[in-house]
Amino acid sequence: MSNTKVRSADYEHFASIPWCAQHLHGPRIITGVPSSRLPKSDGEDSLYAETLKSQTTILAMLEVYEEPSLPTERVNSIKTFLTLGPGLNGHAGVAHGGIVVAILDEVLHLLMPINQQRGFMLDAPYMTAFLNTTFLKPVPTCATILAQAKILKVEGRKYFGEGWIEDGHGVILARAEALFVALKSSL
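Those letters in the sequence shown? Residues 0 to 186, by numbering that gives the first Met the number 0.
No lab work stands behind these hints, which were simulated from the structure alone. Hints may contain errors.
Listed next, the in silico EDC-like pairs over lysine to aspartate or glutamate satisfying Cα-Cα at most 20 Å (straight line) [claimed, not checked]:
no., residue 1, residue 2
1, Lys149, Glu72
2, Lys52, Glu65
3, Lys152, Asp122
4, Lys136, Glu161
5, Lys152, Asp41
6, Lys157, Glu65
7, Lys183, Glu165
8, Lys52, Glu66
9, Lys157, Asp104
10, Lys136, Glu176
11, Lys152, Glu65
12, Lys39, Glu72
13, Lys152, Glu66
14, Lys149, Glu65
15, Lys136, Glu65
16, Lys52, Glu11
17, Lys52, Glu72
18, Lys39, Asp122
19, Lys39, Glu65
20, Lys157, Asp41
21, Lys39, Glu11
22, Lys149, Asp104
23, Lys149, Asp41
24, Lys136, Asp122
25, Lys183, Asp166
26, Lys152, Asp166
27, Lys152, Glu176
28, Lys183, Glu43
29, Lys136, Asp166
30, Lys136, Glu154
31, Lys52, Asp104
Just so we're clear, the structure is a prediction, and the values are computed from it rather than from any experiment.
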């Protein structure tokens, strides 16, 4: 789980960027490096923990959310800051569309472990059933972006959400609607 007391290199990176820093403080703000950035012995999350964790891909990544005022409330939204390197280019200075989709998928998924730990979602692996993505403007590389996700509803094993990527001026660059389904058994 994220912790406001632990200040990682990624936290320090985003705290040094004024438009990011304004999102990192508040009485109930929780920040942390997403668990998918941590290597696991079984290879889970290796895409974000290894392949996309370099000076030329995703240099830094930090999740930020507000702790609900009551322990009986679900965390419904999350912000994730990412600094993208040139190794993600599709065109010069522009992230490949597949990377944009992968970022949206990942950020939407980050709400699941937070809410599983709080007892609000089934403690099971969730898989993407659909991810309908709309590309509005090019997502720049060699830049920092903000990806946000929000839970729309949870129905049994189904989690419906929406996510979007914006630049430092709040311009939405891409958006997605998603459905994740909890598996009935482990992989």
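A quick look at each hint next to the structure:
Taking the CA atoms of lysine 149 and glutamate 72, the gap is near 14 Å; set against the 20 Å cutoff, the hint holds. At roughly 26 Å between alpha-carbon atoms, lysine 52 and glutamate 65 are farther apart than 20 Å, so this suggested pair is violated. Simply put, lysine 152 and aspartate 122 have alpha-carbon atoms about 17 Å apart, close enough for the 20 Å limit, and the pair holds. Of the supplied pair hints, the one linking lysine 136 and glutamate 161 holds, its CA atoms being roughly 18 Å apart against a limit of 20 Å.
A hinted pair counts as satisfied when its Cα atoms are at most 20 Å apart, and lysine 152 with aspartate 41 does not qualify at roughly 31 Å. The straight-line distance between the Cα atoms of lysine 157 and glutamate 65 is roughly 23 Å, outside the 20 Å bound, and the hint therefore fails. Straight-line distance between C-alpha atoms of lysine 183 and glutamate 165 comes to about 35 Å, which puts the hinted pair past the 20 Å bound. Between lysine 52 and glutamate 66, the direct Cα distance comes to roughly 27 Å. Violation of the 20 Å bound is thereby established for this hinted pair.
For the hint pairing lysine 157 with aspartate 104, the CA-to-CA distance comes to about 15 Å; that is within 20 Å, so the pair holds. Taking the CA atoms of lysine 136 and glutamate 176, the gap is about 17 Å. The hint holds against a cut of 20 Å. A distance of roughly 18 Å separates the Cα atoms of lysine 152 and glutamate 65; the hinted pair therefore holds under the 20 Å criterion. Only pairs whose Cα atoms come within 20 Å are accepted, and lysine 39 paired with glutamate 72 is rejected, the gap being roughly 29 Å.
Among the hinted pairs, lysine 152 with glutamate 66 is consistent with the structure: their alpha-carbon atoms are about 18 Å apart, no more than 20 Å. The hinted pair formed by lysine 149 and glutamate 65 meets the criterion: a straight-line CA distance of about 12 Å does not exceed 20 Å. Straight-line distance between C-alpha atoms of lysine 136 and glutamate 65 comes to about 28 Å, which puts the hinted pair past the 20 Å bound. Distance hint between lysine 52 and glutamate 11 is fulfilled; the C-alpha atoms sit about 17 Å from each other, no more than 20 Å.
Among the hinted pairs, lysine 52 with glutamate 72 is inconsistent with the structure: their alpha-carbon atoms are about 33 Å apart, more than 20 Å. Simply put, lysine 39 and aspartate 122 have alpha-carbon atoms about 18 Å apart, close enough for the 20 Å limit, and the pair holds. Our distance criterion of 20 Å between C-alpha atoms is broken by lysine 39 and glutamate 65, whose separation comes to about 27 Å. Simply put, lysine 157 and aspartate 41 have alpha-carbon atoms about 26 Å apart, too far for the 20 Å limit, and the pair is violated.
Proximity of lysine 39 to glutamate 11 is assessed by CA-CA distance (about 24 Å); at most 20 Å being required, the pair is judged violated. A distance of roughly 12 Å separates the Cα atoms of lysine 149 and aspartate 104; the hinted pair therefore holds under the 20 Å criterion. Our distance criterion of 20 Å between C-alpha atoms is broken by lysine 149 and aspartate 41, whose separation comes to about 29 Å. Taking the CA atoms of lysine 136 and aspartate 122, the gap is about 36 Å. The hint is violated against a cut of 20 Å.
Distance check on the hinted pair: lysine 183 and aspartate 166 sit about 38 Å apart at the alpha-carbon level, beyond 20 Å; violated. Among the hinted pairs, lysine 152 with aspartate 166 is inconsistent with the structure: their alpha-carbon atoms are about 26 Å apart, more than 20 Å. Only pairs whose Cα atoms come within 20 Å are accepted, and lysine 152 paired with glutamate 176 is accepted, the gap being roughly 12 Å. Among the hinted pairs, lysine 183 with glutamate 43 is consistent with the structure: their alpha-carbon atoms are about 19 Å apart, no more than 20 Å.
Straight-line distance between C-alpha atoms of lysine 136 and aspartate 166 comes to about 10 Å, which keeps the hinted pair within the 20 Å bound. About 32 Å separates the Cα atoms of lysine 136 and glutamate 154, which puts this hinted pair outside 20 Å; it is violated. This hinted pair checks out: lysine 52 and aspartate 104 have alpha carbons roughly 17 Å apart, not beyond 20 Å.
Going through the hint list in order, the structure does not satisfy hints 2, 5, 6, 7, 8, 12, 15, 17, 19, 20, 21, 23, 24, 25, 26, 30.
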